[in-house]
Structures are given as C-alpha cells and as structure tokens.
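Visitor: For chain A, the structure is supplied; the task is to place chain B on it using the hints.
Chains as they are written, first to last, in this note's numbering: chain A, 1 to 421; chain B, 1 to 421.
None of the hints are false.
When chains are identical, the list treats them as one kind, so a pair holds in a single copy or across two.
In silico BS3-like pairs for lysine-lysine, Cα to Cα no more than 30 Å straight-line:
(1) Lys4 / Lys208
(2) Lys297 / Lys268
(3) Lys4 / Lys224
(4) Lys224 / Lys208
Note that these hints are calculated values from the structure, not bench results.
There are 2 protein chains.
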Amino acid sequence: MDIKAYVESLASRARQVAVVGSQASSQQKNEALHAIAALISKSTDLILEANALDCARAVERGLESPLIERMTLNVDRVQSMCEGLVQVAELSDPVGQMVDQNQRPNGLLISRMRTPIGVIGMIYESRPNVTVDAAALCMKAGNAAILRGGSECIETNQALATQIARGLEAAALPIQLVQLIETTDRAAVGQLLQQTAYVDLIIPRGGKSLIERIAAESRIPVLKHLDGNCHAFIDASADLSMASAIVMNGKTQRNSVCNALESLLVHKEVAPRFLPNIVRDLAAEGVEIRGCEVTRKIVGSETLIVPATEEDWRTEYLGPIISVCVVDDLGAAIQHINRFGSHHTETIVTEDSMHADRFVREIDSSSVMVNASTRFADGFEYGLGAEIGISTDRLHARGPVGLEGLTTLKWVVRGAGQIRQ
Amino acid sequence: MDIKAYVESLASRARQVAVVGSQASSQQKNEALHAIAALISKSTDLILEANALDCARAVERGLESPLIERMTLNVDRVQSMCEGLVQVAELSDPVGQMVDQNQRPNGLLISRMRTPIGVIGMIYESRPNVTVDAAALCMKAGNAAILRGGSECIETNQALATQIARGLEAAALPIQLVQLIETTDRAAVGQLLQQTAYVDLIIPRGGKSLIERIAAESRIPVLKHLDGNCHAFIDASADLSMASAIVMNGKTQRNSVCNALESLLVHKEVAPRFLPNIVRDLAAEGVEIRGCEVTRKIVGSETLIVPATEEDWRTEYLGPIISVCVVDDLGAAIQHINRFGSHHTETIVTEDSMHADRFVREIDSSSVMVNASTRFADGFEYGLGAEIGISTDRLHARGPVGLEGLTTLKWVVRGAGQIRQ
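Next up, chain A with everything else stripped away, as it sits in the complex (with noise of 0.2 Å):
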C-alpha cells in the first residue's frame, strides 16, 4: 500500500467534501448525528464483536491493564456514545452565528460571522468513544474530519465508522465528511502531519510524548493538550473546611485525569491548622505526600511526608500523590504557580475578594478559580455542551474546546456603496 497517496487522497477527499459540510443547515447535520446514534444502537452486537477482537489482540500483544481497560468497550459504554451524539445535535449550531457589530462613521456596518474552520485531522489514542464525539463536534461544526485512532482499537473504530458514514448517508451529506484512517502504519501520522494543502488543523490527544512528537512534526497547525499540574492555594482567609473539600475532590475523586490537583499550596498563617488534618485525610484515602521542609515540621511525624525536590513542583503525578508547599503570601504563590506549573487549571480557596481578583489575573492559566475544585476544568462542566479536548495553547482555543473552538471568524461588511477616500 502506498501511504503517501493513501493519505493525500483522503485529505484531498476531505478537502473537496468541506465546503458541502461548511454549508449543510442545522437540521441536515442533526438529522445525521441523530442518524447516527440509531445505527450505532443497533449495531451495538456488531460494535462489541469488533471490541472484543480488538481486546483479544490486545491482550495476547500484553498491553498493559489499565489501556486495555480504556479500550473495552460494553452496551453501557456504547449507549453513553449514543447518548452524546443526541447531546450535541441538541447543541445550538454554531455556524453562521453572528459576533459584535459597530457601525463606521462612513455608515458601513462591520460585524464577524462564525465559520467552519474547514478540515480536521484527529489522532488519538485507545477510547473507541473519541472517534465517534471527534466525528459528531467537527461535523456540528461544519468541518470534515480525517480521523487516526490508535492501531489497538482499529477493528472497533472501523465498525464504528461504518456507522457513522450510514448516518451521514441518511442526512444525504458526503460520507467523506468523516474518514477514518483505515491503516495502522504509523508512516500514515507522518504523512497526515504534511498535508498543508488540505487540512487546516491538527487535533491530538493522547499521552504528553505522543502529542510533543506530533507538534514537533507537524507543518500544519496543532491544538495542543500537554500537561495538567494543576494547584489549590489555600489563602490564609480561606474558609478551612471548604478548603478540605477542595483539596480532597481534586486528589482522590478521580486522580489520572488532567484536572485533578497535583500541588497545594498553603499560606504559612493557615498552615499550622490545616495542615495536620488535611495530611492525615489524604494520607487515609492512600495518597502520598510530598512536602517542603515547613510542611514535614508542622505535620510531625504524626504522617509519613516524602521531601519534595524541585522536580515535584514540576510532576504532573496522575496518581495517587501531592505536593505540598507553605507559602508566605498571596504572591509567592502566584509565583510559584507561574513558575513551576502547566498553566493548565489553578484554584484558590480565599474569603478575601482583593486576593481572589489578584490571583485570577496574574495566574497565567488556561483556567483560574475561585473557591471551587479543578475537577471542574471540562467542557460539559463549563456549559460548551461537550468538548473535543482541551488546549494547553495559548491561541485560538485555551482551555476546554468545544464547539466554538472548531470554529473561527470571518469578517462581513455590508454597504451601500461606499468606496475608499
């Protein structure tokens, strides 16, 4: 097979079909989401049987536990696939919608219409339900979509495609609004990576090494979801069992994910009370616990503490440990934060409003909160309905992306007749 040609031809397809996209109605592109979900529904048997080859390989090649875990999929797990492809046909279509308006002097009348980027490339790795929320948002969005899944899941993906281009088919749109990369040779990234001439953004998700060697490789623009080492700082006003809930929710809620709280940082005024209780409390729902030097004194050796080194300001865990530091004041926070962080989600508990609006201006973050947990860094928890990732970039899209982060503007101007002086 000859990859180079093979990707070309669907990045060219893709081109070639992203201007019917750009310009189906709402309902048309509603009427194939929801096409979809049917399908998918009842080809759940289908859906499994490829799930269930794709694991048996998986486990015969040894992959690891937990990634085989990601891949599984059951009735519960396609439903909820169904479920959220009927969640973003209810999204309002963001296409067309217009954004600020001002009228000039010389009467002409300037405002900015929200488009479809244009064509999506996805690459991602093991969770089968990318590849069908991948395919829903950037068709919503008016894109066409060029999706690479992870070669252990391509049995599943495959039968999910199928579906999905039956539904696109029913709403009368071009199958090839959504392709999905029928190879597992990765020469196939590498090529995806150079189609400047087709494709207009390139979308990873995945594990931080995947996704640096695709920045590094990539001639088209990346939307990039690096690292989350995400911080509470609790303010030396904090409300200290708020604080405690904080902490807790963002460690042992769910601790792989990228919003769950890796660093705490306490004011040296609080630290004598809160530090004892919320020690143990983490150290009872097994979490380790790294602390500097202040910490390990107050707390004694009530509680096993690790000393930090500077790699641990710096260690995005995804597990069950945190760093602890005492900080003298709001300031050194922020600078620690600044310095040593992902600038990914940052909270800070605070009754002191002065100190909560300093923080949330000078954390250089793609989400800065008040009084509330990292765990709510997401998209469905923002309200954008759904969300297709979220960057660690700083332009175009910052944060969770959902619908309008798969868009962009362009300007209209409308007259009567002006010309230039």
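Guide: Structure of chain B alone, referenced to chain A:
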C-alpha cells in the same frame, strides 16, 4: 558573534519580563506610549540622519527604487509614527476585559478574561514605521516583543528602538519589553524561529516568499499574511453606477496593496451593459485588462483585452492589471472565487438581499463585503484603531488583526466551595 546565544538570550529576557508587561496597568502602558511619541518627535533629526545612512547604503547596493521609497523617512512620516503611538494609547486596553458569562446549575460562574499572548516575534521588511507600530500594539496588549526589521533599515530601526527603550524606562517598564535584533545576520531569523520555550507567536510581514519561508521553517505558531487576490462580483441586480465606482476604487485608488481589486466577475445578464463602460474607464486609467472569451466578445475590439488564462484567475497582480470573467450566475461566481481566490477579501454588488446573504454565507474569505470597496479591508477602517497585519490564516485571528488578535482568553470560574460529584 554567537548568533544562537544572542537570540536565545533576547528571547529568554523577553519571557522573563513578559509577566511584568502582562500586569502593567493601562495608565502605565499609555504613559510609555506617550513618552515614546514625545521622544521620537524630539529626536526626529537623529532618526532622519540614521535613515539617510540606510538610504545611501541602499542606493549604493543598487536596491530597487520602490523599496527605497518605502524605507525613506521624512519629517511627516516621523510625525505620523508619533500620531500612531498616541492613537494606540487612546485605544481601550484589552487586557483584563471579561467576555461572556454564564451561571451553571451548580452555581459556578463561568466567564473568560482577555490576557496577553506572551512573547511575540515580528519579522518584517523595509518600512521602519512597523518597528514603532508593532512595539506599540504588542506592548499595549501586554506582550513582550522581539523585532527583526529588514537589514536595509538597521540604522533607522536602532535609532527608533533607542527612543522606545527610553520611553519604556520613563514609564518604569522594563526596556526588554521591546527588543530589536541588532544584527543583520540572516541566521538570527532562523534562530528566532526555534525559540519554542520563549516565544509564543511569530508575525511576519513582507513578501509572499519571505512569509512562506518563515512558515515552513518555524517551530513556533505563525500568523501569516499571504496574498490578496480580491474579487468583485457584479450581480444581475447591481446598481451599475455603484458597481463602477466600487470597481474603479478597488483597482485604481492604490493598486500595490493587498486589498486592491485583482479580479472582476460579472453576471452574464448585465455584462453587455456593464462591461464596455468599465473596460473603457479602466483602460483610461492605464489598467491592463485580461478577459475571458465572453468579455472579449462583448467589448469587441474597442479596447485591447488580453486573453486571460487560468493563471490569471489565481494571480494577485499588485499593479495596474485586472482579470475579468463573465459568469452564469451567483453560484458560479461563488465557486470561481472559492476555487481561484486567496480567501482574503471579496465584494458583491447587488440590490438583491437574498443574493447578498448567500454570498456572505458561502464565500470562504477573511472579509466578505456587500456593496463596498475591497479597499476597506483594513484594521483602521474596521474600527480596530490600528492593525499589526491582515491574517490570511484561519486559526486564532483572521483578517485585520488589532489589539484583540494580540491577546488570548483564559477561563475564570468563581464558586462558593463547589466540588465535583
């Protein structure tokens, strides 16, 4: 000189001071802009001396006269730089502005705050006013700027940069907020494009080949301004005297700019009435006409019309040439433009509001106009106050880019102790 170490040290200093720029008050930034304006005005003689040196060298090196014209300063041009600085000071500060807000069922208040991008690298040619404009816009939007002007203007740019630094100092801002690359060694550009750890965005301004080279080489996101192959479509219902004014203005008011008209499409129903007159008027202004077969038949031998080739449909002439094509209907015009255009700026002249709406919806360009001259595609004309360029990219910022395009958004979440279930 170790170019790599030099550029890296500029970039790392820019990153260090960017946080100060991002937190500077509007008052402080405006103070700096006014101080720079006053200092440049006061040192007009010094700046003109430096410029005379650059121009003399350019003549010696045999540079083309339009380039020398563009780089030559005089008292008026220096004065208008100063006025530009004062104008930027008068623009409202985008940093800290809040964008949309919604309250979630759980009580969380979700909004977004406008923030600086960080460190911006500008790479440009000839016109020394870009040094001042870029410094002003980047700084007002809270960013640190690294400027790399054309080697032909090095003396002028250094003279300007000296005053910029003094103005920053006068407002107690770090002078490294605006740094000029003070070597003319071309390797410096290559080095700048590799500073992914320190530079967030590259904005090139100049010829298409420069921009394409930078985009191909850069490891940092690039905001590109490629060509403007702008179209006017004269619909069947057009007011023909309005159409004539818009075409003449688009092509002849200034033809070397990106928003000048390059291609005229005429509905077949009005072609016999419209074409002979407009062709005569254009020819009278010294414009060369390259027409399709139908155009040539309609106009006959009255005026010389060169047969247009497909290459003409794709060409941005940037000079006194226009391509003319008769089309069957609105749909054919839209197809022609989306296929051959450069997605910069297009206008329709029509009295039919349904046609206007369809043109606006279906034309895939950064500016789409109704009954107005393409020459209005410009940040000043759109009310942005100033522009750092016109983006032909689809991501982040599209069309004229002002202060807003030099910022990004972060999510702000305010709660009362909410945790995720």
